[in-house]
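Asks: Chains A and B, in that order, give the protein sequences.
Sequential numbering from 3 applies to the first sequence in my numbering.
Sequential numbering from 24 applies to the second sequence in my numbering.
One or more hints might be untrue.
Unchecked claim - Dumping the calculated PhoX-like pairs for lysine-lysine here, alpha-carbon to alpha-carbon at most 25 Å:
1) 50/A / 717/B
2) 50/A / 218/B
3) 349/B / 64/A
4) 619/B / 50/A
5) 64/A / 172/B
6) 50/A / 95/B
7) 219/B / 50/A
8) 64/A / 218/B
9) 50/A / 356/B
Please keep in mind that the hints were generated in silico from the structure rather than gathered at the bench.
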Amino acid sequence: MNTAQRTPLLIKFITALSAFILLSCTSVIPRKEGPVEERLRAENRIMKQNLTLAIRENSVFKEENIRIRGENSSLKSRIRLLKSEMESLNKKHAVDISLLAEKYSSLQKQKEIMDRENSQKIDELTKKNSSLEDKLSSEIARLTKEMRDREEKSNRERLELETGFTGKELEYRREIAELKEKILTTGTELESLKSRITEYETKLSDAESEKKRLADMNSSLNSEIKSLKKETEKISDEKPGK
Amino acid sequence: MRNRENKSGLQIRVNPQRKKRKSTAEGLSLLVLSAMLFLCPERIFAGTKLSLVLTSNLQGRFSTEAEAQDEKDPMLLLAGSLIDEKKRNPYDLYLDLGNAFYPGPLSRYSYGSVMIDFFSYFDCAATLVSSRDVSLGLTNLEFLSGGRKTKLLSVNIIRDESPVFSPYITVTRGRKKIGFIGVTSSESLFDIAEKKVFKIYFNENLENIKNTVSELRSSGCTDIILLSGLSYRNNLELMQEIPEADLVISGGDSSGRLFSVPSSRVDLQGGRSIVSLAKNDGFYRLEIDLDDRLTVSSMVFKKSSYIKNSDRSYAGFSDRLALWKKKFTEDGKRIMAENLPAISVTDKTAADILRHRHRTEVAIIDRFSIYPHELHGTVYSSAMAKMMNNDYPVFTYRLSGSELNMVIGNSEGLVITGIREGKIQGYPIADTRKYTVCSTQSAYDRVCRILRKHIEYDNTWKTLGEEIEDDLKTDKSIASESFDYLDDRFRMLIDISLSNFYDRSDVERGDSIDTPPGKPAETYRRWGMENTVNITIYNRKHQLILTPYIYFIRQDDEYLQNLLRGTLLYTYNLNSFFKPYHKSQIDTVFVEYEGKRPVLARETAGISFFSERVNGKFGAGFEKQLKDPETPALYGIETIVDANFPLVPQLAYIFRLDSFISSVEGESAEIKARAEITNALSLNINSILGVSIKHKWFIFYSEELEESYRYSQMLLSVDLKTDFKLF
Chain A
3 MNTAQRTPLL
13 IKFITALSAF
23 ILLSCTSVIP
33 RKEGPVEERL
43 RAENRIMKQN
53 LTLAIRENSV
63 FKEENIRIRG
73 ENSSLKSRIR
83 LLKSEMESLN
93 KKHAVDISLL
103 AEKYSSLQKQ
113 KEIMDRENSQ
123 KIDELTKKNS
133 SLEDKLSSEI
143 ARLTKEMRDR
153 EEKSNRERLE
163 LETGFTGKEL
173 EYRREIAELK
183 EKILTTGTEL
193 ESLKSRITEY
203 ETKLSDAESE
213 KKRLADMNSS
223 LNSEIKSLKK
233 ETEKISDEKP
243 GK
Chain B
24 MRNRENKSGL
34 QIRVNPQRKK
44 RKSTAEGLSL
54 LVLSAMLFLC
64 PERIFAGTKL
74 SLVLTSNLQG
84 RFSTEAEAQD
94 EKDPMLLLAG
104 SLIDEKKRNP
114 YDLYLDLGNA
124 FYPGPLSRYS
134 YGSVMIDFFS
144 YFDCAATLVS
154 SRDVSLGLTN
164 LEFLSGGRKT
174 KLLSVNIIRD
184 ESPVFSPYIT
194 VTRGRKKIGF
204 IGVTSSESLF
214 DIAEKKVFKI
224 YFNENLENIK
234 NTVSELRSSG
244 CTDIILLSGL
254 SYRNNLELMQ
264 EIPEADLVIS
274 GGDSSGRLFS
284 VPSSRVDLQG
294 GRSIVSLAKN
304 DGFYRLEIDL
314 DDRLTVSSMV
324 FKKSSYIKNS
334 DRSYAGFSDR
344 LALWKKKFTE
354 DGKRIMAENL
364 PAISVTDKTA
374 ADILRHRHRT
384 EVAIIDRFSI
394 YPHELHGTVY
404 SSAMAKMMNN
414 DYPVFTYRLS
424 GSELNMVIGN
434 SEGLVITGIR
444 EGKIQGYPIA
454 DTRKYTVCST
464 QSAYDRVCRI
474 LRKHIEYDNT
484 WKTLGEEIED
494 DLKTDKSIAS
504 ESFDYLDDRF
514 RMLIDISLSN
524 FYDRSDVERG
534 DSIDTPPGKP
544 AETYRRWGME
554 NTVNITIYNR
564 KHQLILTPYI
574 YFIRQDDEYL
584 QNLLRGTLLY
594 TYNLNSFFKP
604 YHKSQIDTVF
614 VEYEGKRPVL
624 ARETAGISFF
634 SERVNGKFGA
644 GFEKQLKDPE
654 TPALYGIETI
664 VDANFPLVPQ
674 LAYIFRLDSF
684 ISSVEGESAE
694 IKARAEITNA
704 LSLNINSILG
714 VSIKHKWFIF
724 YSEELEESYR
734 YSQMLLSVDL
744 KTDFKLF
């Protein structure tokens with residue numbers, strides 16, 4: 003096989019190889035998804051998000067619903083309880099009302115009787131009261147007269163006593179004046195005595211100072227005597243020796 | 024409200040039974056009042072006020088414990104404060120400005136049900152749908168809002184050319200009718216499933232809002248209030264474009280910052296205002312005068328606090344909340360994993376788990392996709408629920424090195440793993456190379472916005488949380504002390520570069536006619552190819568490249584080029600600049616020529632060097648012709664240089680040098696040198712097609728013969744380049 007014959011084959015081979023390389027290279031690049039697949043994936047993502055939201059929201063609402071239902075049923079049962087309580091209270095109240103009505107009517111009757119009795123009693127008491135008032139007025143008049151008499155008597159006695167007391171008062175006043183004069187005289191004497199005492203005290207102090215002087219003179223004389231005695235003894239002692 | 028309207032005297036109602044008892048004087052005063060109402064209503068209605076209570080960014084912040092929840096649960100504290108406010112100082116309307124449903128674990132668990140209950144129980148008239156709310160799924164929100172007194176508002180979330188949610192609500196206050204329109208932020212990211220199934224989209228066209236305003240005006244609305252999740256800049260634009268809007272109340276996605284400065288209120292010319300709700304641990308009370316022109320008279324923030332109350336709505340909601348908490352706790356007892364060593368799970372851990380599970384080189388997720396959490400021992404599903412802050416599915420896709428670099432440059436708010444010091448698996452990011460990336464949908468959306476293009480992706484249809492759950496149940500890679508092993512994984516790349524041409528010229532001529540100038544004299548057929556396939560197997564430390572190469576040009580029976588080369592190159596990835604290598608290369612003819620197929624083998628080892636634009640190899644080895652004819656081995660030095668200099672974005676200059684200087688075995692001073700220099704200009708038409716003009720110059724010099732062989736060639740070719748990452 004000569005060169006000229008091989009050339010077309012070689013060209014084909016090279017061309018095929020180039021095409022193969024290009025195709026193989028493009029085929030290894032990640033193939034893009036088609037628009038339908040992309041759209042499906044997009045829808046899937048949206049639906050997934052919507053579903054998650056719906057599930058989560060539903061779950062919360064469900065729980066809230068359960069809680070509200072629970073609260074509702076407990077409120078209902080409480081309403082039932084309150085209703086039955088109300089009914090029983092209504093019944094009790096009805097009985098109580100009838101009892102109270104009866105009691106009221108009986109009390110009404112009692113009141114009427116008591117009213118009657120009261121009016122009778124009031125009449126009686128009114129009469130008693132008027133008789134007592136008469137009695138009391140006569141007694142008051144008597145006592146008033148008695149009090150007036152006693153008052154007059156006491157006035158007279160007081161006048162007499164006042165006269166007596168006035169005389170005595172004059173006598174006592176004179177005695178007081180005399181006593182006051184005596185006190186004054188005694189005071190004067192007392193003062194003269196005091197001055198004499200002062201004079202005597204001065205004399206006494208002079209005498210005491212004289213006494214002291216004399217005592218001092220005495221002691222000096224005594225000491226002189228003693229010294230003289232000593233001299234005397236000394237002289238006497240010297241004489242035998244001579 | 025009706026009662027308050029009565030108190031304020033805006034509606035006059037006369038009881039017929041009492042009418043008879045009214046004196047003649049009272050009758051006369053009524054007559055006078057009616058006459059005044061007819062003649063000068065403005066004076067009579069002067070002083071009409073509207074009291075709003077507003078919340079924003081509540082984020083479903085329910086606690087998960089039912090114990091002492093009245094005193095501890097932030098949302099119950101808010102509820103108590105709202106009830107107290109209503110008792111002490113009644114208000115007309117309660118509105119929420121969005122981001123109320125996400126990411127509180129209990130709200131997420133209930134898919135927003137518990138939050139919508141909160142709004143219903145506490146008489147919230149409407150809540151704006153904001154970006155984080157849609158994380159729960161629009162269909163869920165739509166389902167939850169059905170039959171509730173709290174309306175979900177959004178004028179610009181569209182399905183089948185009509186809004187998914189109520190675009191507005193109206194409130195009548197005496198003679199005034201006020202319309203509240205909900206404007207959702209374009210930050211909103213719809214779940215990919217909903218996008219695909221319902222064709223939901225976000226209408227950013229202002230005409231949509233303008234039409235709604237016109238509709239409200241025609242239905243008798245005297246005042247328009249926009250509830251907006253937009254930024255201040257967009258709100259200002261909104262006010263500029265819609266002069267009928269009297270007030271913008273901004274919350275939800277709005278940061279409440281004007282040029283980075285926190286601003287709670289901005290007043291515009293004409294008495295119109297923009298108010299922003301920045302705080303979320305309480306509620307705002309907004310007093311509005313509805314006189315000739317709607318004006319905000321005051322805005323006060325009131326922080327939530329525990330206030331004991333015996334409100335029936337509060338008790339009812341508290342009971343339901345306790346039930347949700349009970350269900351959450353019960354479901355949270357599901358065991359995900361046992362005997363797990365103590366680990367700290369962060370955004371980075373989650374991103375590395377994605378790399379592990381999807382064998383991607385890079386993972387990108389949003390910051391705060393995971394609330395940092397300590398796991399150890401038995402892991403329950405409740406821990407997962409509390410940890411996760413991202414419920415979007417995970418995508419895998421491919422980005423070029425330049426795109427990756429652009430993402431890295433705008434990575435605020437993103438967590439990127441797999442890239443260390445500008446390298447992926449130990450190799451610098453190559454602008455033209457494609458890299459496999461794994462992201463959550465939200466991060467993918469952010470990447471698309473950074474790159475301003477749609478990127479083809481594969482949807483795993485699993486969320487980040489589901490990926491971590493699966494990992495906990497199977498591989499437990501989450502417990503790895505380090506994810507460095509991911510860089511030790513072997514990957515395979517195939518780079519194909521095809522450059523082919525075919526030229527056939529048929530000449531028919533008489534025997535005596537001359538060939539016109541510049542035209543061929545004879546019929547000929549010329550075809551050729553320069554095809555290269557690089558099959559690379561590599562990991563962080565090792566790289567093996569098998570390269571079949573054909574360079575073949577034939578004209579009729581004459582071979583102009585006839586080279587078939589196979590190269591096996593091993594490189595040890597020592598560091599960024601120098602890497603040892605070993606290369607085995609076999610050169611032969613593509614087509615036997617004159618019955619011979621000479622085979623030349625070259626074995627070299629040396630060191631490769633790398634820089635940003637220039638790579639090279641410098642090694643030593645031998646070259647030996649194995650057959651046709653067999654010659655002695657030539658020992659020598661190999662030098663290879665490969666440089667690429669981009670001139671303009673699509674045009675690059677390429678330089679290649681391949682030389683081998685050798686001497687014959689056993690003899691000395693007889694040098695043989697072989698060198699090929701290629702200069703090329705390459706213009707990329709698109710990512711796989713390019714046009715290049717090449718000049719090749721080859722020299723072979725033999726000192727023994729003191730002769731040389733030179734060959735040069737100019738080529739203009741159309742190049743087809745593509746690459747595949749197999750794993």
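Asks: Now tell me, hint by hint, if it's right for this structure.
Replies: Okay, the hints, checked on the actual structure:
| no. | hint | result |
| --- | --- | --- |
| 1 | 50/A / 717/B | violated (59 Å) |
| 2 | 50/A / 218/B | holds (16 Å) |
| 3 | 349/B / 64/A | holds (13 Å) |
| 4 | 619/B / 50/A | violated (70 Å) |
| 5 | 64/A / 172/B | holds (22 Å) |
| 6 | 50/A / 95/B | violated (33 Å) |
| 7 | 219/B / 50/A | holds (15 Å) |
| 8 | 64/A / 218/B | violated (33 Å) |
| 9 | 50/A / 356/B | holds (21 Å) |
Comparing the model with each numbered hint stated earlier shows that hints 1, 4, 6, 8 do not hold.
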